[in-house]
Amino acid sequence: MPKDDGIGAATVRREDVRFLTGRGRYSDDIKAYGECAAVFARSNVANGTIKSINTDVAATMPGVLAIFTGEDFVEVGGNPAGWLINSRDGEPMKEPKRPVLAHGKVRHVGDAYAAVIAETAAQGRDAVEALEVEIEEHAAVINMKDALAGTNYVHDEIGTNQCFDWGWIEDNRAATDAAIKGAHHVTTLELVNNRLVPNAIEPRCSIGDYNPGTGDYTLQTTSQNPHMTRLLISAFVLGIPENKLTVIAPDVGGGFGSKIYHYGEEALVLAAAKKLGRTVKWTSDRSEAFLTDAHGRDHVTKIELALDDKGNFLAFRTETLANVGAYLSNFSTVTPTFLHGTLMAGNYTVPLVYVNMKTVFTNTAPVDAYRGAGRPEATFSLERVIDMAAREIGRDPIELRRQNFIKPDQYPFASAAGLEYDSGNYDALMDQMEKVSDKTGFAARRAESEAKGLLRGFGVNAYVEACGIAPSNLVGILGARVGLYDAATVRVNATGNLSVMVGAHSHGQGHETVFPQIVANMLGIDAASIDIVHGDTSKIPFGMGTYGSRSLAVCGSAVVRATEKIIAKAIKIAAHMLEAEASDVDFSDGTFSVKGTNKSVSFGEVALKAYIPHDYPIDMIEPGLEETAFYDPANFTYPSGAYCCEVEVDPETGKVRVDRMTAVDDFGNVINPMIVTGQVHGGLGQGIGQALVEQTTYDDDGQLLSASYMDYAMPRADDLPFYVVDHSQSTICTHNPLGAKGCGEAGAIGSPPTVVNAVIDAMQSGGKNITHIDMPMTPHRVWTAMNNAQ
Amino acid sequence: MMTTVTMTVNGKSVSETVEGRTLLSTLLRDDLRLTGTHIGCDTSQCGACVVHVNGKAVKSCTMFAIEAQGAEVSTIEGQANADGSLNVIQQAFQDHHGLQCGFCTPGMVMTTASLLKENPKPTEAEVRTYLEGNICRCTGYHNIVKAIMAASGQDVSSIAAEQLIS
Numbered sequence: 043m044p045k046d047d048g049i050g051a052a053t054v055r056r057e058d059v060r061f062l063t064g065r066g067r068y069s070d071d072i073k074a075y076g077e078c079a080a081v082f083a084r085s086n087v088a089n090g091t092i093k094s095i096n097t098d099v100a101a102t103m104p105g106v107l108a109i110f111t112g113e114d115f116v117e118v119g120g121n122p123a124g125w126l127i128n129s130r131d132g133e134p135m136k137e138p139k140r141p142v143l144a145h146g147k148v149r150h151v152g153d154a155y156a157a158v159i160a161e162t163a164a165q166g167r168d169a170v171e172a173l174e175v176e177i178e179e180h181a182a183v184i185n186m187k188d189a190l191a192g193t194n195y196v197h198d199e200i201g202t203n204q205c206f207d208w209g210w211i212e213d214n215r216a217a218t219d220a221a222i223k224g225a226h227h228v229t230t231l232e233l234v235n236n237r238l239v240p241n242a243i244e245p246r247c248s249i250g251d252y253n254p255g256t257g258d259y260t261l262q263t264t265s266q267n268p269h270m271t272r273l274l275i276s277a278f279v280l281g282i283p284e285n286k287l288t289v290i291a292p293d294v295g296g297g298f299g300s301k302i303y304h305y306g307e308e309a310l311v312l313a314a315a316k317k318l319g320r321t322v323k324w325t326s327d328r329s330e331a332f333l334t335d336a337h338g339r340d341h342v343t344k345i346e347l348a349l350d351d352k353g354n355f356l357a358f359r360t361e362t363l364a365n366v367g368a369y370l371s372n373f374s375t376v377t378p379t380f381l382h383g384t385l386m387a388g389n390y391t392v393p394l395v396y397v398n399m400k401t402v403f404t405n406t407a408p409v410d411a412y413r414g415a416g417r418p419e420a421t422f423s424l425e426r427v428i429d430m431a432a433r434e435i436g437r438d439p440i441e442l443r444r445q446n447f448i449k450p451d452q453y454p455f456a457s458a459a460g461l462e463y464d465s466g467n468y469d470a471l472m473d474q475m476e477k478v479s480d481k482t483g484f485a486a487r488r489a490e491s492e493a494k495g496l497l498r499g500f501g502v503n504a505y506v507e508a509c510g511i512a513p514s515n516l517v518g519i520l521g522a523r524v525g526l527y528d529a530a531t532v533r534v535n536a537t538g539n540l541s542v543m544v545g546a547h548s549h550g551q552g553h554e555t556v557f558p559q560i561v562a563n564m565l566g567i568d569a570a571s572i573d574i575v576h577g578d579t580s581k582i583p584f585g586m587g588t589y590g591s592r593s594l595a596v597c598g599s600a601v602v603r604a605t606e607k608i609i610a611k612a613i614k615i616a617a618h619m620l621e622a623e624a625s626d627v628d629f630s631d632g633t634f635s636v637k638g639t640n641k642s643v644s645f646g647e648v649a650l651k652a653y654i655p656h657d658y659p660i661d662m663i664e665p666g667l668e669e670t671a672f673y674d675p676a677n678f679t680y681p682s683g684a685y686c687c688e689v690e691v692d693p694e695t696g697k698v699r700v701d702r703m704t705a706v707d708d709f710g711n712v713i714n715p716m717i718v719t720g721q722v723h724g725g726l727g728q729g730i731g732q733a734l735v736e737q738t739t740y741d742d743d744g745q746l747l748s749a750s751y752m753d754y755a756m757p758r759a760d761d762l763p764f765y766v767v768d769h770s771q772s773t774i775c776t777h778n779p780l781g782a783k784g785c786g787e788a789g790a791i792g793s794p795p796t797v798v799n800a801v802i803d804a805m806q807s808g809g810k811n812i813t814h815i816d817m818p819m820t821p822h823r824v825w826t827a828m829n830n831a832q
Numbered sequence: 003m004m005t006t007v008t009m010t011v012n013g014k015s016v017s018e019t020v021e022g023r024t025l026l027s028t029l030l031r032d033d034l035r036l037t038g039t040h041i042g043c044d045t046s047q048c049g050a051c052v053v054h055v056n057g058k059a060v061k062s063c064t065m066f067a068i069e070a071q072g073a074e075v076s077t078i079e080g081q082a083n084a085d086g087s088l089n090v091i092q093q094a095f096q097d098h099h100g101l102q103c104g105f106c107t108p109g110m111v112m113t114t115a116s117l118l119k120e121n122p123k124p125t126e127a128e129v130r131t132y133l134e135g136n137i138c139r140c141t142g143y144h145n146i147v148k149a150i151m152a153a154s155g156q157d158v159s160s161i162a163a164e165q166l167i168s
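Chains as they are written, first to last, in the working numbering: chain A, 43 to 832; chain B, 3 to 168.
Looking at chain A on its own, in the form it has when it is part of the complex:
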């Protein structure tokens, strides 16, 4: 039975108190004695040759301490891609160097080519204005098709704008082509997965410090994975010995992927701190965030679905161009490939899948994983083409999906895209979605909308995704340059309370509340006596951090394993205290007891004995009670869901309003339903934002037109409805100790196609033969589509 603060309890979050009272500690809140400020000089052209940078005047400006240019970093390493992808012909991907500061050429608007260190940020900004810089501007490479066809290269030294041309599964290519050629019906759709800016509300911030007396560096930074940042800086970029660099991510105000990656600003503040012997701080403003944080999505895809005469799916085939921007960010090569292509069988028994993915360098900001990372793009393509196919062959979109669903008795199921799904029940999710959304009431609601002169549409979606990244052996074979386990240390203190050090790092997910729930459940003690330590490489074991909905499934599993080791040792200590054999000692509800007797000791007494080992079998059991576990998952986890929404469209203006949104998800075991529901809400908000309002626009010269909250439409409260979220139809993950699958990205994966499908349904109900509208479905786009349609 779960304790009231254990597994399954909707415990309120302990971290909330500091956030609600202004006592959070985000990076920019930290102020060191004698700190100075770094300010970056950034390119205002998308593609240019740096002819000269004259720092003479700027160097004499008030408060200026030092000026760095790309010249200062030619001897150090580049910021690498974390995953090596090979093209279909076996050629390794093109991997141009990504320097700390641009040298020779600037490659996107916002590319930093110099940095001024000054007493204050205001003085630094004044000095940046005084730099005399000559940059010869070249034509920008922006459009992906043009980039592949032309000879104007983002990186001259590689002689192409194509990073790689990847096929998945290459051995199935001919069979897929044949299946499509011979099919009874083929539905073809060309679509755009619009480019997004993650927009964590906390801008990035990095503070570098160096102690000349010890040679120790410290970086405080907005990171989702401090150990990975340390490894990248140590092993690849600056070459600082790992043991001489501490990376600390304090409270982090949202990330959504954008704070996974190592950025040049982090290396710069460390190098500057060493040169000056001062603490050097850089805080991004929002304009810099738009220009330099890794963007998301940006796929242009052609997808084909082949069906037989009964509506069975025979094959999916896609050709996609994916933008990687000007430089390869750390996860930029795995996101469009193994986090995307492997999901292109969806929830279906389809026998053949072939994905062709060409990634393209352009003179734009780097593009990398953003909430969902490749899976939203896969789900969007699949669920749009299935909806279109249903219309073309006159089938109900839900029934067509159900006909092709993997059935509960088919698990484990080897998907045609190369994954082994361990569990799921897609029909049950669809049943529950139809029920809780009151689908049967839709006709009446449509009539009400029509009476007001509005069109109403119903859209549906089914998704499966892969979380809990990832089995190290598998990803190693696929090109990963790191392992993807996680780690936890459980330290029982002498007085019986606990500190749990974890490799995962919360940037809003509530780990400080959730991980103690797990340990409390296992040890039968109050969660309030358990604290989480995270975000500081000098305190935590080497874990890989938080992204890909992995924290619970991977790091939570490490917490379980470490706690199991604690229990195993504590039983031995208790056996000694109780003068019994360990095999005769039971542990439950925080008490060790000897079977068949009334002899017992409490968890707290055992903890005290471990640290004050008088009358203790020191030759058989070490003192202390602290255990570490690394957990490497056996497989990905496979959350799935069935979503629907109802939209109202005003035909006069093209304005779309999401009226009802229902998300029924299978996340496996849920530890804290309040937090899980909140994660879904957030994903839905971002997914609806992508579908309706968010658009990143570069003009032909590579100027980012949507570079502020005046120009980039962030969803506001009145753009969004209340959501119905349901977790009642869960199946358990079969291969991790928590049975948990992961919930962080689902909402952003499931909602965009749901909204588009609903809008198309509304168009059709209005007699408009519109089969697709690209996201974001702004009033202008919808109105134009309606006016151009017959």
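In case anyone wonders, no lab produced these hints; they're calculated from the structure.
Ideal Cβ positions, reconstructed from N, Cα and C, are used throughout, including at glycine.
Any given hint might turn out to be false.
Covered stretches of chain A, going by a simulated chain B footprint (3 or more residues, C-beta under 8 angstroms) [to be verified]:
(1) 47 to 59
(2) 326 to 335
(3) 692 to 701
(4) 760 to 769
Could you slot chain B onto chain A? The hints should help.
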């Protein structure tokens, strides 16, 4: 050009010498070390920096410190009850999970205080409209709207479509 500015912040008189271009948010964060007021944008859109000046919600990134000369300023650090416990709005945000990363939260709480002063029982639509100047990227707003309505004393279980967990 340095100017001395004097104001009351969270009931305490403060006096600081600042540059003319110093923003109120900078004075609060850097000089007074009240870092609960956050900076999330540079165009007065996100609302993470909302404080009250003479009882009105103001984006402190858009006001010079010297413009608050003599004013009564209150920030997120001054919102808890006298005994340190969460006030009604703060408690509702915790109870209804109206925050995740916490970065927009101080602005949300300060804006809510202002809303409920003007409109003690706002409808869902009124809440959503009032939040126009406060951006949250984590919550999809569901639990923020719910928390605000709960803080106003309304029964949110009958308002918000809710999760069904069995």
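Are there three or more residues in the stretch 47 to 59 of chain A whose C-beta lies closer than 8 angstroms to some C-beta of chain B?
holds (count 5)
Does the stretch 326 to 335 of chain A contain three or more residues whose Cβ lies closer than 8 angstroms to a Cβ of chain B?
holds (count 3)
State whether the coverage of the stretch 692 to 701 of chain A by chain B holds or is violated, taking the criterion as 3 or more residues with Cβ-Cβ distances under 8 angstroms.
violated (count 0)
Verdict on chain B covering the stretch 760 to 769 of chain A, where coverage means 3 or more residues with a C-beta closer than 8 angstroms:
Since three or more residues must qualify, the claim that chain B covers the stretch 760 to 769 of chain A holds, with 8 doing so at under 8 angstroms.
Of the numbered hints given earlier, the model fails hint 3 alone.
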